[in-house]
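Student: This is what each chain is made of:
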Amino acid sequence: MELLTFGDTGWGDELFYATLMTIAVAITAMLIGFFFALIFTPLKLSKNKFLNLVANTYTTIIRGVPELLVIYLFFFGGSAAVMFVASIFGYGEYIEINAFITGAFSIGIISGAYSTEVFRGAIQSIDKGQFEAANVLGLGKFGKFFKVILPQTLRLALPNLSNVWQITLKDTSLISVTGLVEIMRQSYVAAGSTRDPLFFYSFAAVLYLLLTFLSMKLINRLEAKYSRGY
Amino acid sequence: MINSLPKLLNAAAITLKLLSVSLIIGLFIGLLFAILRLNKNIFINRFAYGYSYLFRGTPLLVQIFIIYFGLGQIEYLRTTFLWTILKEPYWCAIIAFALNTGAYTSEILRSAFQTIKPGIIEAGKSLGIPNKIIFYKIQIPIAIRQSLPAYGNEIILMMKGTSLASTVTLMDLTGVAKYIISTTFRPVEVFIVAGGIYLFMTFIIHNIIKFLEKKYSFNS
Numbered sequence: 001m002e003l004l005t006f007g008d009t010g011w012g013d014e015l016f017y018a019t020l021m022t023i024a025v026a027i028t029a030m031l032i033g034f035f036f037a038l039i040f041t042p043l044k045l046s047k048n049k050f051l052n053l054v055a056n057t058y059t060t061i062i063r064g065v066p067e068l069l070v071i072y073l074f075f076f077g078g079s080a081a082v083m084f085v086a087s088i089f090g091y092g093e094y095i096e097i098n099a100f101i102t103g104a105f106s107i108g109i110i111s112g113a114y115s116t117e118v119f120r121g122a123i124q125s126i127d128k129g130q131f132e133a134a135n136v137l138g139l140g141k142f143g144k145f146f147k148v149i150l151p152q153t154l155r156l157a158l159p160n161l162s163n164v165w166q167i168t169l170k171d172t173s174l175i176s177v178t179g180l181v182e183i184m185r186q187s188y189v190a191a192g193s194t195r196d197p198l199f200f201y202s203f204a205a206v207l208y209l210l211l212t213f214l215s216m217k218l219i220n221r222l223e224a225k226y227s228r229g230y
Numbered sequence: 001m002i003n004s005l006p007k008l009l010n011a012a013a014i015t016l017k018l019l020s021v022s023l024i025i026g027l028f029i030g031l032l033f034a035i036l037r038l039n040k041n042i043f044i045n046r047f048a049y050g051y052s053y054l055f056r057g058t059p060l061l062v063q064i065f066i067i068y069f070g071l072g073q074i075e076y077l078r079t080t081f082l083w084t085i086l087k088e089p090y091w092c093a094i095i096a097f098a099l100n101t102g103a104y105t106s107e108i109l110r111s112a113f114q115t116i117k118p119g120i121i122e123a124g125k126s127l128g129i130p131n132k133i134i135f136y137k138i139q140i141p142i143a144i145r146q147s148l149p150a151y152g153n154e155i156i157l158m159m160k161g162t163s164l165a166s167t168v169t170l171m172d173l174t175g176v177a178k179y180i181i182s183t184t185f186r187p188v189e190v191f192i193v194a195g196g197i198y199l200f201m202t203f204i205i206h207n208i209i210k211f212l213e214k215k216y217s218f219n220s
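Chains as they are written, first to last, in my numbering: chain A, 1 to 230; chain B, 1 to 220.
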């Protein structure tokens, strides 16, 4: 137990900050994922064949290729791509991208593909009458989307979004390969320097279980809130 | 880009081997725990639930690391015959994958068993078929049919999961891709080739499952 004390002698404070980092990466990635879903869901639902193809390519590639490979692509290719763009604007110095940004972005792209599918399914399962009713009431495009469609979409999407959140949370463990100090990386360092991998990896497992358990409780509350009246 | 193809294809064979071995073991584990979940004894029931909660609530990476780095620490294990298995990264990866997919499979099969209409089991009983035969000849085939779409997804998720074998020094498709990327600094090209191979495998698995679904669909 003295391994977990706070301060210089134990790993308690390091693991605590690492847990906060995991939460921060997971939330950022989820938000980036929502942003991608916001772009690609309309493309998926569009009647234009080309736009459909673009969105389907995105979701098919991301859902068929391992997360680790996507992370390696951005980890090794990210700074090269940014430097290429910078060189167009006449900036030739070496640019190194922060591990947090690389990690959150790559997990975000992955989570976005799953969120897109969830939102598409939710919008498609909304009764056609709702769209027609909104039209009949003379609501504008924005009013129709934000006041009528979105609240219902959220209710239908929440159970599946909670799955996406669990996947995203667990995927953050893969960012440890880029050196970002989150739970997995910190456990790796602690296990290496104390030669006690069994304890630290088991403790990491407990931390992840705690995170998934607490987020489930929170999501259940949200679900209850959005499904009142049903 | 072309030069890397043979190496990556060789590595893809390792990925497929890891996938198929762990799926076969995982299917047995999943079936066993699905049956335990349906048991009326609360301890057996809770035990099976705990297993699936534990393996579904933690990242696969943690599970591999505990088995590969953690178990070797126990002095006692080093003296038993288990050590011949646990010192190999290949078998550690397979144990982790099998236990992980077993947890998800048990959930898929459990919900499939629970959606079987009681009328079907009652019909079997009224025909005087023994309980054991009802289970093996009626419940299991229906459950397998019911769970095919979800199990297909699980196979694809597991295929992506095998990429984590590269973190314990195995040179699977992702491991080799990472090696080529870090020696040639051509991330995009390697990603396209390796990703293409993964997508091709996804495509094949998807179609096999679709074919099986059609073959075993009820005429209704």
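Quick caveat, the hints were computed from the structure, so don't treat them as lab data. Just to be clear, a hint being listed does not mean it is correct.
What the hints assert, rightly or not - To be clear about the criterion: a stretch of chain A counts as covered by chain B if any three or more of its residues have a C-beta under 8 Å from a C-beta of chain B, and this derived list gives those stretches:
# : region
1 : 59 to 68
2 : 76 to 86
3 : 174 to 180
4 : 200 to 206
5 : 209 to 223
Said to hold, decoys possible - Residues of chain A clear of chain B, computed beta-carbon distances all greater than 12 Å:
#  : residue
6  : 16
7  : 45
8  : 53
9  : 72
10 : 90
11 : 134
12 : 142
13 : 154
14 : 167
15 : 171
16 : 184
It should be emphasised that the depicted structure is a prediction, and the values quoted were computed from it without experimental measurement. Glycine included, each C-beta is placed from N, C-alpha and C at the ideal position.
Student: Run through the hints listed earlier and report the numbers of any the structure violates, in increasing order.
Tutor: Numbers 9, 14, 15 and 16, in rising order.
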